[in-house]
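Chemist: Using the sequences and the hints given, assemble the complete structure.
Protein chains: 2
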Amino acid sequence: MDKIDVGRKILSANEIFALKNRQLLARSGKPCFNLISSPGSGKTTLLVRTITDLKDALRVGVIEGDLQTDIDAERIRATKAPAIQINTEGACHLSAAQVNQALAKLPVEGLDVVFIENVGNLVCPSAFELGEDGKIVVLSVAEGDDKPVKYPAIFAKSKVLLVNKIDLLEGARVDFDLDRVRADARRLNKTIEIFPVSAKTGEGMQNWYDWLTGQIRSR
Amino acid sequence: MDKIDVGRKILSANEIFALKNRQLLARSGKPCFNLISSPGSGKTTLLVRTITDLKDALRVGVIEGDLQTDIDAERIRATKAPAIQINTEGACHLSAAQVNQALAKLPVEGLDVVFIENVGNLVCPSAFELGEDGKIVVLSVAEGDDKPVKYPAIFAKSKVLLVNKIDLLEGARVDFDLDRVRADARRLNKTIEIFPVSAKTGEGMQNWYDWLTGQIRSR
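Just so you know, the sequences run in chain order Y and S. Going by my numbering, the first residue of the first sequence is number 19, and it counts up by one from there. Going by my numbering, the first residue of the second sequence is number 19, and it counts up by one from there.
Be a bit skeptical, because a hint or two may be false.
[Said to hold, decoys possible] Simulated crosslink set (SDA-like; lysine to any residue; CA at most 20 Å straight-line):
no.: 1; chain 1: Y; residue 1: Lys218; chain 2: S; residue 2: Ala190
no.: 2; chain 1: Y; residue 1: Lys177; chain 2: Y; residue 2: Glu147
no.: 3; chain 1: Y; residue 1: Lys98; chain 2: Y; residue 2: Leu76
no.: 4; chain 1: S; residue 1: Lys175; chain 2: Y; residue 2: Gly108
no.: 5; chain 1: Y; residue 1: Lys168; chain 2: S; residue 2: Gly108
no.: 6; chain 1: Y; residue 1: Lys218; chain 2: S; residue 2: Asp163
no.: 7; chain 1: Y; residue 1: Lys175; chain 2: S; residue 2: Lys175
no.: 8; chain 1: Y; residue 1: Lys168; chain 2: S; residue 2: Gln86
no.: 9; chain 1: S; residue 1: Lys175; chain 2: Y; residue 2: Thr87
no.: 10; chain 1: Y; residue 1: Lys168; chain 2: S; residue 2: Asp163
no.: 11; chain 1: S; residue 1: Lys218; chain 2: Y; residue 2: Lys177
no.: 12; chain 1: Y; residue 1: Lys168; chain 2: S; residue 2: Asp71
Calculated from the structure, these hints are not laboratory results.
Modeler: Structure representation (structure tokens):
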């Protein structure tokens, strides 16, 4: 029997919800970024500092994904930004359906940008579109400089790489070759933007803020 | 229709291979530990230092799990210990079938202990038994002290928690409350052994070596 090409891709349940999220965000004209990293790379601290430093310029909403607890949403709410916590109860990544429910609870119309902080995991979240405009991968210098070659998918798919905790490079407290990370990440992804930052001391954060506000202004 | 209890649990494919691995290791009397952590917590560095410091007392073999590359197996082989690399090609954890193939290639009879270094991921590997005698979770102080409450499964299931990179606590370079981690881990797991160590400076490693050699002697 000949194969019949029905001419359309059959979407998975996750892709259907990702498309819904993308349409919802596009209608309201709000950019949305999906933050992905290992546990403990400093995603929440990065968001807290970004929200605080840009509080007069940007209204930020956050969707927080964690296996358990609402520790991270509480940290975001302490800045007065709205945050919706999703507990995945053991699942290793956020799904587009979960994000769809959370978007319904966020006051999207009153915001300038939505961040999704995914479950801390450098592997699984890279395979699930959530309807975001771009993925942002965060790598702490304490994790070592071999991560782009060992976990290539997320570096290949991200718009931005935030190399965090660069304060730990001072006095060579951790062994980390930033040039190696740049070269390996660019080999996987020619257009990736790379910003070395310390969310703790503020070093380098202005470059990230300039990129972020540029993304919002260009819409 | 009444339900019929066939009186036995149906094993998954993974559980069947885990049982095979357990039987193989039990026959040869070799203990086997499954190291699990986030990417970049220092599992390979811990193994390299353990193998080097105990080279006159213990013959160690290693099964290395990574999405890509054989960087970690090469680091182990540089110590002269045998290492078998498994590339999961994107999968977020090792399977018992992969470990079964690797065990066939390791010279198990000539070893005192087998370590499996799982894919860097604090979530997925905790759900897949590999036939090991125990899981060992590694947490770098740079990841923060909220990880036991945020990723409880692996802390609940592990025999040992190695709190690594304690050299970074000096001068308060990272914010990390070891007492909080101890309390949260023990709340999840009353019998977990907790060893604060620095695989870089060697601090605290003797306590880990004493535990490890005790496990081997007691068989």
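Chemist: Hint by hint, say whether it matches the structure.
Modeler: Against the structure, the hints:
1. Lys218/Y to Ala190/S: holds, 13 Å
2. Lys177/Y to Glu147/Y: holds, 14 Å
3. Lys98/Y to Leu76/Y: holds, 13 Å
4. Lys175/S to Gly108/Y: With Cα atoms ~14 Å apart, Lys175/S and Gly108/Y stay inside 20 Å; holds.
5. Lys168/Y to Gly108/S: Given pair Lys168/Y, Gly108/S holds - Cα atoms ~10 Å apart, limit 20 Å.
6. Lys218/Y to Asp163/S: With Cα atoms ~16 Å apart, Lys218/Y and Asp163/S stay inside 20 Å; holds.
7. Lys175/Y to Lys175/S: violated, 33 Å
8. Lys168/Y to Gln86/S: holds, 5 Å
9. Lys175/S to Thr87/Y: holds, 19 Å
10. Lys168/Y to Asp163/S: violated, 25 Å
11. Lys218/S to Lys177/Y: violated, 34 Å
12. Lys168/Y to Asp71/S: Violated, at roughly 27 Å.
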